[in-house]
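A.B. asks: Note that the protein sequences, when read in sequence, are chains A and B.
If you're matching positions, the first sequence starts at 1 in full-length UniProt numbering and goes up one per residue.
If you're matching positions, the second sequence starts at 1 in full-length UniProt numbering and goes up one per residue.
Any given hint could be a false lead.
No distinction is drawn between identical chains; accordingly, a pair holds when it is met within one copy or between any pair of copies.
[To be verified] For lysine-lysine, the following DSS-like pairs were computed, each having C-alpha atoms within a straight-line distance of at most 30 Å:
| no. | residue 1 | residue 2 |
| --- | --- | --- |
| 1 | K253 | K46 |
| 2 | K73 | K361 |
| 3 | K361 | K460 |
| 4 | K456 | K153 |
| 5 | K464 | K310 |
| 6 | K153 | K233 |
| 7 | K361 | K164 |
| 8 | K164 | K441 |
| 9 | K153 | K279 |
Honestly, the hints are just simulated from the structure, not real lab data.
2 protein chains.
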Amino acid sequence: MSDQPNDQLAENEDRKGRLAKLFATDILPQSNNWEDTETFLGEVVKVLLKYICEENQRETKILEFHHPTEMKKIIDLTIPDEPQPLEELVKACEQVLSLGVRTGHPRFFNQISCGLDLVSMAGEWLTATANTNMFTYEIAPVYILMEKEVLRKMWEAIGWDPEKSDGIFAPGGAIANLYAMNTARHHMFPRSKHLGNGEIPILCCFTSQDCHYSIKSAASVTGIGSDHCFYIKTDSGGRMIPEALEQQIIRCKNEGMQPFFVCATAGTTVYGAWDPIEKIADICERYRIWLHVDAAWGGGLLLSPEHRYKLSGIERAQSVTWNPHKLMGAILQCSACLFRQDGLLFQCNQMSADYLFQQDKPYDVNYDTGDKAIQCGRHNDTFKLWLMWKSKGMEGYRKQINYLMDLAAYFSERLRATDGYELVVDPPEFLNICFWYIPQKMRGLDLAEKMARLEKIAPKIKAKMMERGTTMVGYQPDKKRPNFFRMIISNQAITRADLDFLIDEIVDIGESLYETM
Amino acid sequence: MSDQPNDQLAENEDRKGRLAKLFATDILPQSNNWEDTETFLGEVVKVLLKYICEENQRETKILEFHHPTEMKKIIDLTIPDEPQPLEELVKACEQVLSLGVRTGHPRFFNQISCGLDLVSMAGEWLTATANTNMFTYEIAPVYILMEKEVLRKMWEAIGWDPEKSDGIFAPGGAIANLYAMNTARHHMFPRSKHLGNGEIPILCCFTSQDCHYSIKSAASVTGIGSDHCFYIKTDSGGRMIPEALEQQIIRCKNEGMQPFFVCATAGTTVYGAWDPIEKIADICERYRIWLHVDAAWGGGLLLSPEHRYKLSGIERAQSVTWNPHKLMGAILQCSACLFRQDGLLFQCNQMSADYLFQQDKPYDVNYDTGDKAIQCGRHNDTFKLWLMWKSKGMEGYRKQINYLMDLAAYFSERLRATDGYELVVDPPEFLNICFWYIPQKMRGLDLAEKMARLEKIAPKIKAKMMERGTTMVGYQPDKKRPNFFRMIISNQAITRADLDFLIDEIVDIGESLYETM
Chain A
1 MSDQPNDQLA
11 ENEDRKGRLA
21 KLFATDILPQ
31 SNNWEDTETF
41 LGEVVKVLLK
51 YICEENQRET
61 KILEFHHPTE
71 MKKIIDLTIP
81 DEPQPLEELV
91 KACEQVLSLG
101 VRTGHPRFFN
111 QISCGLDLVS
121 MAGEWLTATA
131 NTNMFTYEIA
141 PVYILMEKEV
151 LRKMWEAIGW
161 DPEKSDGIFA
171 PGGAIANLYA
181 MNTARHHMFP
191 RSKHLGNGEI
201 PILCCFTSQD
211 CHYSIKSAAS
221 VTGIGSDHCF
231 YIKTDSGGRM
241 IPEALEQQII
251 RCKNEGMQPF
261 FVCATAGTTV
271 YGAWDPIEKI
281 ADICERYRIW
291 LHVDAAWGGG
301 LLLSPEHRYK
311 LSGIERAQSV
321 TWNPHKLMGA
331 ILQCSACLFR
341 QDGLLFQCNQ
351 MSADYLFQQD
361 KPYDVNYDTG
371 DKAIQCGRHN
381 DTFKLWLMWK
391 SKGMEGYRKQ
401 INYLMDLAAY
411 FSERLRATDG
421 YELVVDPPEF
431 LNICFWYIPQ
441 KMRGLDLAEK
451 MARLEKIAPK
461 IKAKMMERGT
471 TMVGYQPDKK
481 RPNFFRMIIS
491 NQAITRADLD
501 FLIDEIVDIG
511 ESLYETM
Chain B
1 MSDQPNDQLA
11 ENEDRKGRLA
21 KLFATDILPQ
31 SNNWEDTETF
41 LGEVVKVLLK
51 YICEENQRET
61 KILEFHHPTE
71 MKKIIDLTIP
81 DEPQPLEELV
91 KACEQVLSLG
101 VRTGHPRFFN
111 QISCGLDLVS
121 MAGEWLTATA
131 NTNMFTYEIA
141 PVYILMEKEV
151 LRKMWEAIGW
161 DPEKSDGIFA
171 PGGAIANLYA
181 MNTARHHMFP
191 RSKHLGNGEI
201 PILCCFTSQD
211 CHYSIKSAAS
221 VTGIGSDHCF
231 YIKTDSGGRM
241 IPEALEQQII
251 RCKNEGMQPF
261 FVCATAGTTV
271 YGAWDPIEKI
281 ADICERYRIW
291 LHVDAAWGGG
301 LLLSPEHRYK
311 LSGIERAQSV
321 TWNPHKLMGA
331 ILQCSACLFR
341 QDGLLFQCNQ
351 MSADYLFQQD
361 KPYDVNYDTG
371 DKAIQCGRHN
381 DTFKLWLMWK
391 SKGMEGYRKQ
401 INYLMDLAAY
411 FSERLRATDG
421 YELVVDPPEF
431 LNICFWYIPQ
441 KMRGLDLAEK
451 MARLEKIAPK
461 IKAKMMERGT
471 TMVGYQPDKK
481 RPNFFRMIIS
491 NQAITRADLD
501 FLIDEIVDIG
511 ESLYETM
């Protein structure tokens, strides 16, 4: 140990300098060299901390936009023949981060999953370090029990009996939806598992026209066929019309198909709309159809006693998809597929792999989860959620979610009060706020002309926004409307001032662009 | 800044002490408080570094085994109503790690995925910090290009033209195999995507009886039916018998089924056997069947010019599953599904989600990968692989893989030379070494009696091993043989002394246990 801070600084610099001549083979686990191992990891952590600190400063640019061809010139992504020194790796980390998009920046409103919860991040760092697989209690004892605890909280939030429920963490909402559809098929026609769709009636399923595309995708993957996934009309707010659902079910039955699965969306991707679950559940009960609720985005609202009424009836569903990496802010990926009835997942997916799921182990093998998954190896998506949830408690989530809902109300109010802004759906029902900005000179145009021009405005504003790098928000058209912006308020770091900033920035870009259009 | 190191120590302790009273809402991103944020993350990193350091010391126990009911008493996994202080979270990290299984310990031989490559781990830490999604260039510009570069290296290793190939990282080998089967179906019957299996002939597929169970699972999920997945006999070394494959194909055709998919396994889960790809490819070409190679485990051998001959013919496959989280040592999960023909993945999976994959973006949208995935959100599994690959270079991998193959040869030789050990398959062809240990007093018994007793020995030895916590190796029976150990040599940290240790430990446990049996 040195006596003087200056000596220590010099020693640190010296250690760091050594990384220029060291390689991966010179540190653990290949060389028993703790000092350099620690220095290397310490330097990487410094890079990450610096990034986190900067990302949270609002003056930091969200991105430096480069076209793919430019980007390839800026950064050398090739895999070399020879090993690269550790110092090069640290520099690569720095460069990669500097060229990325700061999705945790408080003014990044572009995706449903955004923000960077640091407790969850710390959890994911630990997960990488523990580096284990979720298939057996044998190699993931704590995480297997933890998964059950976290699922229990989710079952309770839905309103199910935790003693009778089941569930699994899946790699993303689309795979979770696939799990649900596959299980629903198995429930109605268990023989399909072994004999395939050829031995059962032609199945068909139903979802709103504003649903997530993964429902159609699941129908395609499961061999049901995307054409047998029927899109049901929505009302002007983007909610499934139950009468239209029932008519379609009857039509399908008359045509000889077997309706087996209805998906109600709780928080649609674009409008954040809530399908009327109670009414849909009535119809499902009447026709004995499996009800799935895709609450990938909206599920988090169950944690707010004030707002959970929007999902009324969700407890009547047979299965629910709920992605904690969305509203709850967990690090990507963290998605759960939940089932009201225990046992189905296992019956549907077990393939009895003796080499993995032996029955003569020294512990209760009912804890092994591997045989109820479609996957074999399964990433531990539980720990980052568990740690974050512990950090907030039920009470913390309630506050956080209510805060975001309040921000959304504030933002809508500001849009209504600001010239040039028009809400696509008013009032917005969730944290998606869809709107147009109409530059001043366009406001007097007739409707057809305005619509035609509007289509091009959002992409141009967005492109300019990415160039400036100050903020980011997505846009899209729908079947009837020209391109509009979709604002997402799901990052707990957002303040009212950030929302004001976005409003001013779009006006500024929109007005300056219009001159050239 | 303090002048004296002692002052600084005191200041650090003071900072640390504050964590007892601080909550997640007191640090970034909710409070602009960098100092405490840094302290919290610093404390978590300390816990992780300590774990890494200990895990690499051979005297550290691999696990402290507790039955599920005991474990629930030791650690409080419940989610509280109130937020927990940051200090509690740091302690929770420590406790969770202490109760886990040290899968990176040099004497953990239990899984095909084991070891802890610290460069890959650092990569995964960065991935968590960057926390972005792989669907569009817009939000993952560097990682999207990087994925292509890494895939390019994999295509080249297989022997495909990188300009014409395609691929995607998938969450685990089972999902990668599902991607392959789904794409193969689409290739033969594109109408199945929209119309389902009802409108096409009854499909059937083929794989060896020693394959990974995910092939049957994929047949079940895709609605083909697990009974239409035919297991082909293997020879005494666990390799598919090509003549048996051809006979089964003919039988299926005669029964009116449509053979569409053959899976050859490159490195089976239990024996590490290599199906004869060239001969299987001949048959596939003759009958116009899609050839998939499941090289989830064996794929890494392509990086060794000395050993890659074991996968001869792999370049004739239409698709390949290759998991870098296995032999290449990437952090879980990292699996690729690779395709010889570009475009199929996209045609098969695209569902045209306008709200995500707009065509009027300011860059070349061909770089957006989202529409070729079954998943929507997709975890970034590229960076940890890229950084690790850079750290080793092609040359480093060659050495590492050859080193492991040499260790396996050494281990087999030692088993042959040690009384009581018997190889199940001799010689082993890969890094799986399957063996029995026959305690001294049993060696004179007749075969039937010996077999009956052998069935119980491996589980008992394994249970004792877990109690001692000194080492870990898996076991399983097969259809003809009683329980045997399956040794896996895939951790780059393993030395000859570790292998000697295992051999001695099993003798020691086996002999002491036999007294009581």
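A.B. asks: Now tell me, hint by hint, if it's right for this structure.
C.D. replies: Hint by hint, here is what the structure shows:
1. For the identical chains of this complex, K253 and K46 are neighbours neither inside a copy (62 Å) nor across copies (62 Å), given an alpha-carbon limit of 30 Å.
2. In this assembly of identical chains, the alpha carbons of K73 and K361 lie at most 30 Å apart only when taken from different copies (21 Å versus 55 Å within one copy).
3. Taking identical chains as interchangeable, the C-alpha atoms of K361 and K460 lie at most 30 Å apart only when they sit on different chains, with a minimum of 9 Å there against 62 Å within one chain.
4. Taking CA atoms no more than 30 Å apart as the test, K456 paired with K153 passes in neither setting, with 45 Å inside one copy and 40 Å between copies.
5. Neither within a single protomer nor between protomers do K464 and K310 lie at most 30 Å apart by alpha-carbon distance, with minima of 36 Å and 54 Å respectively.
6. Taking the shortest alpha-carbon separations for K153 and K233, neither the intra-copy value of 34 Å nor the inter-copy value of 47 Å comes in at or below 30 Å.
7. In this assembly of identical chains, K361 and K164 lie within 30 Å of each other by CA distance solely inside one copy; the values are 25 Å within and 47 Å between copies.
8. In this assembly of identical chains, K164 and K441 lie within 30 Å of each other by CA distance neither inside one copy nor across copies; the values are 61 Å within and 49 Å between.
9. Taking the shortest Cα distances, K153 and K279 sit within 30 Å of each other inside one copy (26 Å), while across copies they are farther apart (53 Å).
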